[in-house]
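*Asks:* Taken in order, these protein sequences are the chains called D and S. For the first sequence, my numbering assigns the number 12 to the initial residue and increments by one for each residue that follows. For the second sequence, my numbering assigns the number 933 to the initial residue and increments by one for each residue that follows.
Treat the hints as calculated values from the structure; they're not laboratory data. Positions of the beta carbon are idealized from the N, C-alpha and C atoms, including for glycine. Don't take every hint at face value.
[Claimed, not checked] Derived pair list, reagent style DSSO-like, types lysine-lysine, alpha-carbon separation capped at 27 Å:
(1) D:90 to D:22
(2) S:1009 to D:53
(3) D:234 to D:201
(4) D:76 to D:409
(5) S:1009 to D:748
(6) D:350 to D:409
(7) D:561 to D:234
(8) S:1011 to D:64
(9) D:302 to D:350
(10) D:30 to S:1009
(11) D:350 to D:610
(12) S:1011 to D:30
(13) S:1021 to D:22
(14) D:76 to D:64
(15) D:636 to S:1011
(16) D:22 to S:975
(17) D:672 to S:1011
(18) S:1011 to D:53
(19) D:64 to S:975
(20) D:234 to D:302
(21) D:53 to S:1017
(22) D:350 to D:239
(23) D:90 to D:409
(24) D:76 to S:1011
(25) D:201 to D:239
(26) D:29 to S:975
(27) D:76 to D:29
(28) D:76 to D:90
(29) D:302 to D:30
(30) D:29 to S:1021
(31) D:350 to D:318
(32) D:605 to D:672
(33) D:397 to D:409
(34) D:64 to S:1009
(35) D:610 to D:672
[As the list claims (entries may be wrong)] Below, a sample of chain D positions facing chain S; criterion: calculated Cβ distance under 8 Å:
(36) 17
(37) 46
(38) 70
(39) 81
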Amino acid sequence: MIYYLREGSQKLRSFFQKKRLDQDLEAELASHIDLAIQENLKQGMPAEEARRKAMIEMGGLEQAKELHRDARSLPILEKFNQDLRYALRAMRRDAGFATFAILIVGLGIGACSTVFSVLDTLLLKPLPFKDPASLVWIANRTKMDGDLSGATLQVGRMLDFRERNRSFSDVAGYFGFYGVGDSKLTGEGKPERLSSVPVSQNFFPLLGVQPYLGRHFSADECKWNGPKVVMLSHGLWERRFGSDAQIVGKTIRLDDADTTVVGVLPASFDFAAIFAPGTHIDLFAPFSLTKETDAWGNTLVVVGRLKPGVKLARAQAEADVLGMQITAEHPHANGLDPKLAFLGDHVSGPMRPAIAVLVAAVAVVMLIVCANLSNLLLARMASRQKEVALRITLGASKRRLIQQLLTESLLLTSLGALLGLALTIAATRGLAHLDAFSIPLLSSVRVNAVVLAFTLLAALATGLVLGIAPALQAAGMRLNSKMGQRGSGETKGHAWTRSVLVVAEIAFACVLLVGSGLLIRSFLRVLDVDPGFRPESAAAWRVDPSQQYKTQAQQNAYFDEVLHLVRAIPGVQAAGLTDVLPLGHNRSWGAGAKGQTYKDADYPDAFVRVVSDGYLKAMGMTLKKGRDFSERDTVTGATPVMLINETLARRLWPGEDPIGKLIVGDCVKGDRQVVGVVGDVRHVALEQTSGSEMYMPIRQCQDWGSVDLVVRSTLAPAELSTRVEATLHPLIPDLPKGSMRPLSGLVDRAVSPRRFIVWLLTGFAFFALILASLGIYGVITYSVARRTQEIGIRMALGAQSSMVRRQIVLQTLFLAAIGLSIGALASTAMARALRGLLFGVTYGDPLTFVLAAAVMLAVAILAGYLPAHKASRIDPMVALRVD
Amino acid sequence: MPQEDKLDLLQGTLDVMVLRTLQALGPTHGYGIARRIEQVSEKQILLNQGTIYASLVRLQQRGWIDAEWGTSDNNRKAKFYSLTKRGAKQLAADVAHWERLAAVMQRVLAMADEGEKS
Chain D
12 MIYYLREGSQ KLRSFFQKKR LDQDLEAELA SHIDLAIQEN LKQGMPAEEA RRKAMIEMGG
72 LEQAKELHRD ARSLPILEKF NQDLRYALRA MRRDAGFATF AILIVGLGIG ACSTVFSVLD
132 TLLLKPLPFK DPASLVWIAN RTKMDGDLSG ATLQVGRMLD FRERNRSFSD VAGYFGFYGV
192 GDSKLTGEGK PERLSSVPVS QNFFPLLGVQ PYLGRHFSAD ECKWNGPKVV MLSHGLWERR
252 FGSDAQIVGK TIRLDDADTT VVGVLPASFD FAAIFAPGTH IDLFAPFSLT KETDAWGNTL
312 VVVGRLKPGV KLARAQAEAD VLGMQITAEH PHANGLDPKL AFLGDHVSGP MRPAIAVLVA
372 AVAVVMLIVC ANLSNLLLAR MASRQKEVAL RITLGASKRR LIQQLLTESL LLTSLGALLG
432 LALTIAATRG LAHLDAFSIP LLSSVRVNAV VLAFTLLAAL ATGLVLGIAP ALQAAGMRLN
492 SKMGQRGSGE TKGHAWTRSV LVVAEIAFAC VLLVGSGLLI RSFLRVLDVD PGFRPESAAA
552 WRVDPSQQYK TQAQQNAYFD EVLHLVRAIP GVQAAGLTDV LPLGHNRSWG AGAKGQTYKD
612 ADYPDAFVRV VSDGYLKAMG MTLKKGRDFS ERDTVTGATP VMLINETLAR RLWPGEDPIG
672 KLIVGDCVKG DRQVVGVVGD VRHVALEQTS GSEMYMPIRQ CQDWGSVDLV VRSTLAPAEL
732 STRVEATLHP LIPDLPKGSM RPLSGLVDRA VSPRRFIVWL LTGFAFFALI LASLGIYGVI
792 TYSVARRTQE IGIRMALGAQ SSMVRRQIVL QTLFLAAIGL SIGALASTAM ARALRGLLFG
852 VTYGDPLTFV LAAAVMLAVA ILAGYLPAHK ASRIDPMVAL RVD
Chain S
933 MPQEDKLDLL QGTLDVMVLR TLQALGPTHG YGIARRIEQV SEKQILLNQG TIYASLVRLQ
993 QRGWIDAEWG TSDNNRKAKF YSLTKRGAKQ LAADVAHWER LAAVMQRVLA MADEGEKS
């Protein structure tokens, strides 16, 4: 068997040594004839006869050479090589066509491969953890969407669950209420706000993440008030510590405390890409699972690893039972009602409909590309009929002709694929750096082997699809009928195929136009939503009081100072403090009206914000009733007060005036008096109405995790940034420069996944529109050229040029009308599938459909008018003389 | 002699003939091999001498024969082919195969008639 391998490799080698081997054979054959002549001469033949006999016995020389070549090399490869050279020549002859074809195939394949690489990263590729298929997201079922307090688990309940369940080999978690920018790094270099996530000791081991340097947290470090240690993300280690290989064991200054670095995580581990898309996480600290953290209520985001062979449904059934038991055993703590989902589904599940839309869209784009190119190739085939006929006459077999023509189209698509690959590499690079987009895993989108294979496959498939029609047509050509005919001759069926292709293009483009139209309208509707605050001309800074402000009185004095300083800046209209900005984390507490009794399940919850006076004005929120907080709402001597939003007011006291009423909650210390009612703010997402909200005065409530200063001003952003930072510098020396965050950024980030889809789909639709118009233009131009004589005769017989023009435009409109009707039907089906992504428009939105049809029609008329205009200028005399 | 009377070469038979000729003659050039086969077959097979070169290059690529340029008896340049060890082994296997096949063919053709079936 081995000699076949050997023979194969030899054959391949001889394919590349063609010239040398041919010369060798030439010499050998010459020597053969020479030997034969010598022998014949020896037998006494005359020289002439000796030579003749030698040649006869040899048989055909060329035939011998051909046989030799076939035997020594790979005939298929030889033929392919020939075809390829021929194709290259043909391409050079028609460079304009080739450039255009390569360009649109490149764009089409580029779009396909880019979307595929996103699909691959988000949906196909397993998460970058050990055995990711057994990782499960464990969260409480919630009453309110986006309520992190509801979804997270209390430490005690998580420990109970971990101990008693039989489905999971381990359960770990991280502290869900970490804040982006919560940790302050000082010491060497510029002070900087970093994001730190506290994780349970077994969190990284459970995921199967091994430290790049150093070690995991020890049990001792995970005790309450244990030694201060951190693990660094790979990015921070590179950026801030210059990839210091000796970093482990060193001390850094974090939140004014000496903290030991115990490890560095690998570059492959990107916490934010999976758990907090659109953010950066720099550090990881140990989170203790003790009675102290249990007292904080629901805080843990929990991940478990299923034991081998355990099905999710079984784990869920067990979790339901355990949840009820554990909840019953702890009547005074938060309940446990876990909902399990595979981690992969939890992370990328929400993106699935959007990706499905993109995949469908690129598929349609690719179909249009194929239809368009098929059309062009058919047109070209018509003008190459003579050439093909000649080749048939010279003895080319049908198979050989088809092979040749397919090689040509494959060459085109392969070159197109190369361009597409370059585009994909550029596009995926761009996508991976879109930090502002809160789409999971986007940062790890790459061109990998799978994407390469996909691109190759796409090139082959398109090459075959668009080459097959012209190839078959050429093969079906009859000799006698073509040789003598004019180059522009074309059969009825041929023209019909081309019209069908154009109609298909119009229909497909129509589907894309409607789809992107609906999404654009949804996007505009989302931007139009009144979020309850005015993000423009407002900005925020992190201004957490440092460790030196220990008592509440000291902290209150600090808050007063910050607000006074900033409000004194000319141009600042309002300033206030808050513990949480909209469209970020949300926590909720119980909030019941005093004197009311509620059933457990019905006990009212509300999102909590801890804010200062002036916050409402700085945010541009509206006070509907009562008063704002004041500087006098402090601990000493003042009544505990609060603000509530309209939804909570309606929930607690429907039809009554809530001002002056009291609220008791399990987390509100003592009763609080409602002093004002605030307009609802969309805190979860722009698309979602807000739930119940309540506002605590920051001077009466120390339960905040971070403090943001919000400033509204008439100053330009750059000016505001320098003024505020300079003003606060004496009070907060380590306030990082340029740490201002415009509030408009919050909205931008919230709508970023939607904008991502809209961008891509609109791009596709635009591309499709151009291709469709080129398709129409091509077909009409062609039909005009074919009918030059006819038109010439008609004009010679007195037809008006306007008549000719009108007739051709009507022909275009006819094609467009058929395409649009089919497109409208297809669009309705597509729009129905799109429903989940729409906001504020119905899937049958008439305006979108009418606009899409109008755009399509306008483009079609334009594409048809140009050739029509040309036709109407035909000079009958010239036309009649045309060959 | 009219062409129709000559035997067409069966697929693969030429390769075996070439190997056997090289074994019998030792290093020989293409012309020599072709002449020898013609002589031995008593001109009963249809052989264009040129076709032998396809067979030679095939055998060479399989490593069954070697080739080297040299000079013939009458001082002409020619490419000489010789059987390799592997080629000898292959030839032995081929010979066994052909002998079995020939024997079977003979037995089948010599089968006695058993009369009508009915």
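*Asks:* Just pull the numbers of the violated hints for me, sorted ascending.
*Replies:* Of the numbered hints, 3, 5, 6, 15, 16, 17, 21, 22, 26, 29, 30 do not hold.
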